[in-house]
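Given the coordinates of chain A, assemble chain B onto it according to the supplied hints.
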Amino acid sequence: MPYPHEFLEISPNLAENEKFLRQSFEKTTDIVFREFYLGENRCLAVWVDGLINNRVSHDLFRALMLDVNPDRLKQIPANERLDYVNKHHLPFYATLRVVDMIELRRWVLMHKLILLMDGSPIGLVLDAEATPMRGITEPTLESVVYGPRDAFVESLRINTALIRARLGDVKLKSENFILGRRSNTLVTLMYVEDLARPDVIEEVRNRMKRIDTDAIWDVYQIKECIHDQRWTLFPMMKQTERPDKVVADLLEGRFAILVDGSPQALTAPSILVEFFQSAEDYYENPIITAGLRILRYLSLLIACTGLGFYVAVTTFHQEMLPIPLIFSVAGARETVPFPAFFEALLLMVVFELLVEAGIRLPRVVGGAVNIVGALIIGQASVQAGLVSPILVIVIAATAISNFAVSVNYQVANILRLLRILFLIFAALLGLYGMSLVLLALLVRLASLKSFGVPYLAPLAPASPIPGETKDVFYRLPKWHIKSRPHFIAGSDLIRDNTQPPSSDMGPETSADADEGGGNK
Amino acid sequence: MGDGKISQRQLAFLFFTILIGTMFFHNPQIVVGTTGQDGWIAYLIASFWGILVALVMVALGQRFPDQTLTGYIPNILGKPLGKILSLLYTIWFLFIGGGVLAQFANFMNTTIMASTPKMVFIITFVAIAYYAVNLGLETFVRVNELLLWVIVIAIILVVTLPYELMDLRRMLPVGQMSIGKLVATSLIAGSWRGEVMLVGMFLPALVTLKNTTRNMIWTVFLVGVFMIAVEISLVTVFGAQIVGDLEVPVFNLARMISTARVLDRVEALVLIIWVFATFIKICAFLYCTARATADTVGFQDYRFLLLPLSLLFTAIAYNQTVDPAKFVDFLLFTWPGYGLLSFELVIPLFLLIVALWRGKREKKV
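Just so you know, the sequences run in chain order A and B. Those letters in the first sequence? Residues 1 to 520, per the numbering used here, in order. Those letters in the second sequence? Residues 1001 to 1365, per the numbering used here, in order.
One chain only, chain A, in its complex shape (with noise of 0.2 Å):
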């Protein structure tokens, strides 16, 4: 039990039981009591309407009112005989015997259903839920070309059920929590025992059970209180969908962090240069992959600083381009009334409000959106004279980067407000500006630790064990990368032991050389 509560012990007799209850649960008509006999005993079951699987509770009764011999059970003691029914009769995988009133009635309102019987001082709580849920379908955020297409959904049990079906490793322990004082709602810690930092484990729990509030809901929630900084604009925890993310994570010695009705997993110790890495490229050739990063780090510096380049360079250094270009750049911004910076805050912000309109708008008028985007602001506006084409053109590239990079949502955000710090030093102090913004920048990052890990690593400070950044400008093929991150995993860092492929098979038995040697 989360929170220390008052303990009231089930009585022997239903009648004040039900009372209890009925009171508890007075003004609710999404609670169903039902009432029965057992031979001459009589029984109450108590559940919430819908969150019950309807099959189950039917095979119960059936179970119960016809299958159990009531001459048999007159031979029990009244007070056991429903442990006895427990053990023989309930055709369940999971139930639980219950002492406290309070918790019984906690087990109700937590998808469960529950038993009681008369003279018996305990109650049974039977799992049989079944919360309404969609499908599993494959994840919108963090899509892939290539991988598994499962994405996590709102029930917590089919979210550890798929992280234990790819991961049947008898040390991956899961705990569970209550949290919310309100919601009750279950909180469930996974980690693999002997690859996580005990430290670290012990941590998450004391961090995770000092959350006191009324209501959790989603890992956001969980996040925001237990993560290491109070006020922090970069993520310290992932978040994430996708289920071979987490077990990839938790192989690396993290934990992992699930919420019953939150369709993502949070996992931490988190370091920054995972935020940029798609779960897309452990499932595509290495050098692809490197290709494809050096790419995305690419995006990441003109979605960043592209804007604040376009301004510092034409408000500052205008030396610094080639003759020719200037040319065109000072011929485009002729007819523009307005300086660069202006210009360039001017657009940005339409553009903006173009993207957040497009998250918003119902999609059947999202159409709409485009047009206006494309047509309006993009065409016209040049045409008007109001922005110069080339700025319409960086600011597409600096968009389109930002996708691009984005292979984790919350990074997208950070890089639009990124942009606009960026853009307002440039106009300040030119290139110079952009440069103190990317220090202060730095030295925020460098200061940051998650869970005891700095969050530059391995790169600042960079890891004494060599090999510890084969996963990170590019990735290596598995074979290559023979150790877990050593400044996060606790112990058993050898990860992999096969040896590198080879076409090595002995001496050569092709088919040519045997048509040679029916020639002769």
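By construction, these hints were calculated from the structure, which means they are not laboratory data. Cβ atoms here follow ideal geometry from the backbone N, Cα and C, with glycine treated the same way. There's no promise every hint is true.
Pairwise CB distance ranges (calculated) [stated by the list, open to error]: (1) A:Arg230 to B:Arg1303: 15 to 23 Å; (2) A:Asp212 to B:Leu1081: 56 to 64 Å; (3) A:Val364 to B:Met1119: 56 to 64 Å; (4) B:Ile1123 to A:Gly452: 31 to 39 Å; (5) A:Asp199 to B:Arg1303: 49 to 57 Å.
Just chain B now, with coordinates in the frame of chain A:
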């Protein structure tokens, strides 16, 4: 104090940046201006001075592994004399750090942004340095680990890209200068290299002192290699005569670059080197000043000193930018005596000899 430990690699990286940072500003002009195309010999001798300084500082540091330079000076010389010398070192850090900042502000003002007041550069820079150092030694050391690669790549690009303009015959004839003049010039170049003396303030923050000597020698030597490359590139492109007359020769070198019609006038690269390297250097000097002040006065923590010291930095730096010509004069005539021949080499050497003679080392607890 909450300050983490730094690794050998981080220390070597940090000193690479510290040493190479300001060497680019006026150093080539002064060295090539006095010794002509034989400047590289002066740089070679300067590496020797730098290595000597590193050896002395590490030898001292190994006798007092848990104390900074200003912390163990009173142990060697006795309290009254030692405290005075510690205070002098504190002022020296403050003054040289301010000088680095002044060079930077001058450079920005004269080359890239002529209409922006120097004070703007100084204030913004000190503000971010204060932010970084306030977050601890680890933080700016880590930032440096990332920036170093950018700096190194930018230097290599600036040095190699004007290959079309290079004429190796401009290096000839070799060995025109007298040994005396070369050594004298090497003292100027060596004063920059002697800034490796700051290592005395960082040694107690190391995880392990093992291999420090070797790493520092390599760092100083590598910086020498880079400087020789810069010097050769400058002389082969411009000829020794012109380099001596240019105010910031490397900047002019970057202006000459025009490769493949795209990489045209890449002054931005030089700007990047300077902003990044100077930033790290200012952080290091601010840290050293704060530590030295705390040691001298006897405070346990140094962070609360950072704010007043930052303001002092700003004032001293601004004061030194007022007359750039005078500043170059300082670099040429005063700096060797103020740097290598006193605070960087001679005084530490004296300290080491006294420590050896009096058999002083840290008391084992």
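- Message: Tell me the numbers of any earlier hints that the structure contravenes, in ascending order.
- Response: Per hint list: single violation, 5.
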